[in-house]
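Place chain B on chain A using the hints.
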Amino acid sequence: MNKKYILEIEGLNKFFGSFQAVKDLNLKLEEGDIFALLGHNGAGKSTLIKMLLGLVNPSGGKVTIGGIQQDGRNRAIKYKIGYLPERMYFYDNLTAWETIVFYAKLKNLSLARCEEVLKQVGLTEFKGRRVGAFSKGMQQRLGLAQAIIHKPELLILDEPTTGLDPIGIIELKKMIRQWNDSGVTILFSTHNLADAEELADNIGIINKAEMIAIGTQQQLEEQLSLKTKMTIKLACSYPQLWQLLMAKGIGPLEVRMDSILLTCHREEKAKVLKPLMEAGITISDIIIEEPSLDEIYRVLVEKANIKNQEKVNPRNDTVLVGAL
Amino acid sequence: MKISQMITVAEKELLEAIRSRWLITFTIVFALLALLISFFGMSGLGVGGGYQGFNRVTAGLLNLVLYLLPLIALVMGGAAVAGEKESGSLHVLLVHPVSKAEVIVGKFLGLGLALMAAILTGFGGAGIVIALKVGTMSMGDYLTFVILSMVLGLTFLSIALLLSVVTSRRAQAMGLAIFAWFLMVLVYDFLAIGVASMQQIKIVIPLLLTLLLLNPVDMVRVLVILRLGGETTFGPTLAALTRTISSTSGDFLLILVLFLWVVIPLILAVAAFGRRQDY
Chain A
1 MNKKYILEIE GLNKFFGSFQ AVKDLNLKLE EGDIFALLGH NGAGKSTLIK MLLGLVNPSG
61 GKVTIGGIQQ DGRNRAIKYK IGYLPERMYF YDNLTAWETI VFYAKLKNLS LARCEEVLKQ
121 VGLTEFKGRR VGAFSKGMQQ RLGLAQAIIH KPELLILDEP TTGLDPIGII ELKKMIRQWN
181 DSGVTILFST HNLADAEELA DNIGIINKAE MIAIGTQQQL EEQLSLKTKM TIKLACSYPQ
241 LWQLLMAKGI GPLEVRMDSI LLTCHREEKA KVLKPLMEAG ITISDIIIEE PSLDEIYRVL
301 VEKANIKNQE KVNPRNDTVL VGAL
Chain B
325 MKISQMITVA EKELLEAIRS RWLITFTIVF ALLALLISFF GMSGLGVGGG YQGFNRVTAG
385 LLNLVLYLLP LIALVMGGAA VAGEKESGSL HVLLVHPVSK AEVIVGKFLG LGLALMAAIL
445 TGFGGAGIVI ALKVGTMSMG DYLTFVILSM VLGLTFLSIA LLLSVVTSRR AQAMGLAIFA
505 WFLMVLVYDF LAIGVASMQQ IKIVIPLLLT LLLLNPVDMV RVLVILRLGG ETTFGPTLAA
565 LTRTISSTSG DFLLILVLFL WVVIPLILAV AAFGRRQDY
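Going line by line, the protein sequences match chains A and B. If you're matching positions, the first sequence starts at 1 in this note's numbering and goes up one per residue. If you're matching positions, the second sequence starts at 325 in this note's numbering and goes up one per residue.
There's no promise every hint is true.
Computed list of chain B residues with no C-beta within reach of chain A, every gap over 10 Å [to be verified]:
hint: 1; residue: Thr-349
hint: 2; residue: Val-419
hint: 3; residue: Ile-471
hint: 4; residue: Val-490
hint: 5; residue: Arg-493
hint: 6; residue: Ala-495
hint: 7; residue: Leu-515
No more than 25 Å apart at the CA atoms, straight line, and that leaves these computed lysine-lysine pairs for PhoX-like [as the list claims (entries may be wrong)]:
hint: 8; chain 1: A; residue 1: Lys-303; chain 2: A; residue 2: Lys-28
hint: 9; chain 1: A; residue 1: Lys-269; chain 2: A; residue 2: Lys-248
hint: 10; chain 1: A; residue 1: Lys-62; chain 2: A; residue 2: Lys-3
hint: 11; chain 1: A; residue 1: Lys-174; chain 2: A; residue 2: Lys-233
hint: 12; chain 1: A; residue 1: Lys-271; chain 2: A; residue 2: Lys-229
hint: 13; chain 1: B; residue 1: Lys-526; chain 2: A; residue 2: Lys-107
hint: 14; chain 1: A; residue 1: Lys-80; chain 2: B; residue 2: Lys-457
hint: 15; chain 1: B; residue 1: Lys-326; chain 2: A; residue 2: Lys-151
hint: 16; chain 1: A; residue 1: Lys-127; chain 2: A; residue 2: Lys-174
Pair by pair, the computed Cβ-Cβ distance ranges are [unchecked claim]:
hint: 17; chain 1: B; residue 1: Ala-455; chain 2: A; residue 2: Asn-108; range: 41 to 49 Å
hint: 18; chain 1: A; residue 1: Phe-16; chain 2: B; residue 2: Ile-525; range: 33 to 41 Å
hint: 19; chain 1: A; residue 1: Glu-116; chain 2: B; residue 2: Tyr-391; range: 45 to 53 Å
hint: 20; chain 1: B; residue 1: Ile-588; chain 2: A; residue 2: Asn-57; range: 24 to 32 Å
hint: 21; chain 1: B; residue 1: Ile-588; chain 2: A; residue 2: Asn-93; range: 25 to 33 Å
hint: 22; chain 1: A; residue 1: Asn-57; chain 2: B; residue 2: Thr-468; range: 42 to 50 Å
hint: 23; chain 1: A; residue 1: Asn-57; chain 2: B; residue 2: Ala-455; range: 53 to 61 Å
hint: 24; chain 1: A; residue 1: Gly-163; chain 2: B; residue 2: Leu-388; range: 41 to 49 Å
hint: 25; chain 1: A; residue 1: Gly-11; chain 2: B; residue 2: Val-490; range: 28 to 36 Å
hint: 26; chain 1: B; residue 1: Thr-468; chain 2: A; residue 2: Asn-74; range: 27 to 35 Å
hint: 27; chain 1: B; residue 1: Leu-388; chain 2: A; residue 2: Asn-93; range: 24 to 32 Å
If you are wondering where the hints come from, they were derived from the structure by calculation, not from laboratory data. Every value quoted in this text rests on a predicted model; they were computed, and no experiment measured them. Cβ coordinates follow ideal geometry from the N, Cα and C atoms, glycine included.
Extracted from the complex, chain B is given alone in its bound form:
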């Protein structure tokens, strides 16, 4: 694999992201989300308007981001290869001296960079406003959350590219991406709730831990909650789970598995793309 070819593909993806205006759109979406939650979060409690600190903003944003970000990354990445396959531009690209692996990794880098830029600018910009208004207390938690959001985006981008490679039409890829989102973000939680409500704590914890490692959304959720020190507010099962994780240097384990969630689908995408010829 040649780095220069990957960078060329990445540059092209980034340029397209900027030109199609989705980069700026999502930057605004992320900034607005953070600012709105900071500003209006307290009004529901009858306290009235006014900015909240980073701790509450992070907790408030967490659930929204866990739903929204995987969807954005899946839709964005889903179109990446399937869209080019459908339009025919992929033929011309592959006739050039660039390997299929370079195309996939290049697309991942370009789209990943665009996604990270949108998150960093959106949440970062909002963070600066919050820091100016409320002060910098718990800003570390917010920063961790922003970084983990980027990692979450990358894991789903990687999954999206895999889905994009195995489908041949944009609409098909989108459908599959939304189905994957539905399974991993919505249905999975019910499964976790089911497991958590079981009686024998000795079975529940390892089972829950396995479920956790199989889904990047839940890993990011747990990592952020651990950071926020929320184990006391999320019930006994989660408390037990977080204790298990903490006692076995869980942070490290989760981050390692998250990393694998970025790399493995990407490797599978490269392998699947290399085998396919029916376009």
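Looking at chain A on its own, in the form it has when it is part of the complex:
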């Protein structure tokens, strides 16, 4: 079956004067995906998002959304995108209702849809209140309401959890999942790795204007051959355990009084446990630490930085190796 892409980015570049904010970026986002864009502040995430939205013209390359090329002017493409900025600013003197009606009119939508969407984000009882008096969390909800009111195909969220309280974050994640279940593709930028880990199907890591990795967390993990850490707690100590496990080809490992510490690939976990069970060893607890996204991110960014350094200063590296 042919995959259907809602977003296609080809060879995207953006220069601000001599500074390159986005470099040769390629990305394809399948329909129904949740994609997290990870990167430090200033890595190029916001510039990329502004180009997707048509607010900034690329210096090179192209962005296609739902089969239409983004040029910043096309009206049809604007109906396909919903956007929530990092910090939502409204017109302080208008009420929540007047605000949502304003955006709905621009999109040629009915008042009934306004009611529906306010209910969806839980703002119905506050609709008569001035937006200027809203808390950050309520503003964010109203922001989400304007972003989804026209049932977009692609929802772009810029740092959606920044500044929200823990309950706000939980509610936001719930809403994101609900919209995704109803078929909306979601792209969100974040520097909070836990959000990406929890929500995203696919992750893209931007470092210094370049997309250095794209894939599921598992794919990235495999690409880096990162291993899972296991701590197996035993009911009592067993002599000759180390020899037994080594004989089965399991390792590297460390055997302590009442526990075994070892690292293995994600899919090898059962393989480790089987010989223990067969030898009649009673296991009291198992603690598994999969490689976290933090680790994947750190390793990828370090690798990319070393690669960049080599590109900039190849000679120095040679000298350094020679000196060593």
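What follows is chain B alone, placed relative to chain A:
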């Protein structure tokens, strides 16, 4: 450009103007100005209190309005785009199916309507009071003045939107707007005085006419003075100038140029806004 999108933006601007209370504030300012000038205008001459007729009120109000109205319109329009740019609400607006041209024209319509409403209600309300107290003599002059005030407001609103588009912060736009006001309302007059004091009348008149057409404030001033029949009281140069204007169907020329002063900065604002991306 879609009319419906412009009307939606205009409605939003108008609603904000009403909510922020500036509409009511300026309505009161305009009404008070007219009433105070009508009531106290004569007391300076030792005649004591009591309302004056429309002719004197118009002459008295003219200079105040020529100073005040451009400033109000510039400050109001200056914040319109730059303020939204600074706060970030412009991003969200432009992601909606509305073009930049529709945003500018919509803002112009909304703010223009608010400004015209404030002038019409303020001066109109005061006009009714004056008419009841003093009678309706010369009311036509007053009406012309009110209409020209609205046109003046619109020209400066249009200029303000242009300034608002080329700046990226509210404070920057305000600064530029006040500088434009200083140049066009204060400094320009000194230039005109300098030209008018030259000896060769043959050079002075065309030069003065050019200067006149380059500044909407002076055009409105001359149009109101012509209407009031003030050429005899404003010295020989102005008399010569007004004769030139009158003899070449000047009213029409001035009104046409005033109209251009509304339209051209607006077109430039749309063009400049379309090109800018650095927000």
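We went through each hint and held it up to the structure:
no., hint, result
1, Thr-349, "14 Å, holds"
2, Val-419, "5 Å, violated"
3, Ile-471, "30 Å, holds"
4, Val-490, "18 Å, holds"
5, Arg-493, "14 Å, holds"
6, Ala-495, "17 Å, holds"
7, Leu-515, "39 Å, holds"
8, A:Lys-303 x A:Lys-28, "24 Å, holds"
9, A:Lys-269 x A:Lys-248, "14 Å, holds"
10, A:Lys-62 x A:Lys-3, "20 Å, holds"
11, A:Lys-174 x A:Lys-233, "35 Å, violated"
12, A:Lys-271 x A:Lys-229, "14 Å, holds"
13, B:Lys-526 x A:Lys-107, "60 Å, violated"
14, A:Lys-80 x B:Lys-457, "62 Å, violated"
15, B:Lys-326 x A:Lys-151, "22 Å, holds"
16, A:Lys-127 x A:Lys-174, "22 Å, holds"
17, B:Ala-455 x A:Asn-108: 41 to 49 Å, "46 Å, holds"
18, A:Phe-16 x B:Ile-525: 33 to 41 Å, "56 Å, violated"
19, A:Glu-116 x B:Tyr-391: 45 to 53 Å, "51 Å, holds"
20, B:Ile-588 x A:Asn-57: 24 to 32 Å, "27 Å, holds"
21, B:Ile-588 x A:Asn-93: 25 to 33 Å, "31 Å, holds"
22, A:Asn-57 x B:Thr-468: 42 to 50 Å, "48 Å, holds"
23, A:Asn-57 x B:Ala-455: 53 to 61 Å, "57 Å, holds"
24, A:Gly-163 x B:Leu-388: 41 to 49 Å, "47 Å, holds"
25, A:Gly-11 x B:Val-490: 28 to 36 Å, "32 Å, holds"
26, B:Thr-468 x A:Asn-74: 27 to 35 Å, "47 Å, violated"
27, B:Leu-388 x A:Asn-93: 24 to 32 Å, "29 Å, holds"
Consistency note: the structure conflicts with the earlier hints numbered 2, 11, 13, 14, 18 and 26.
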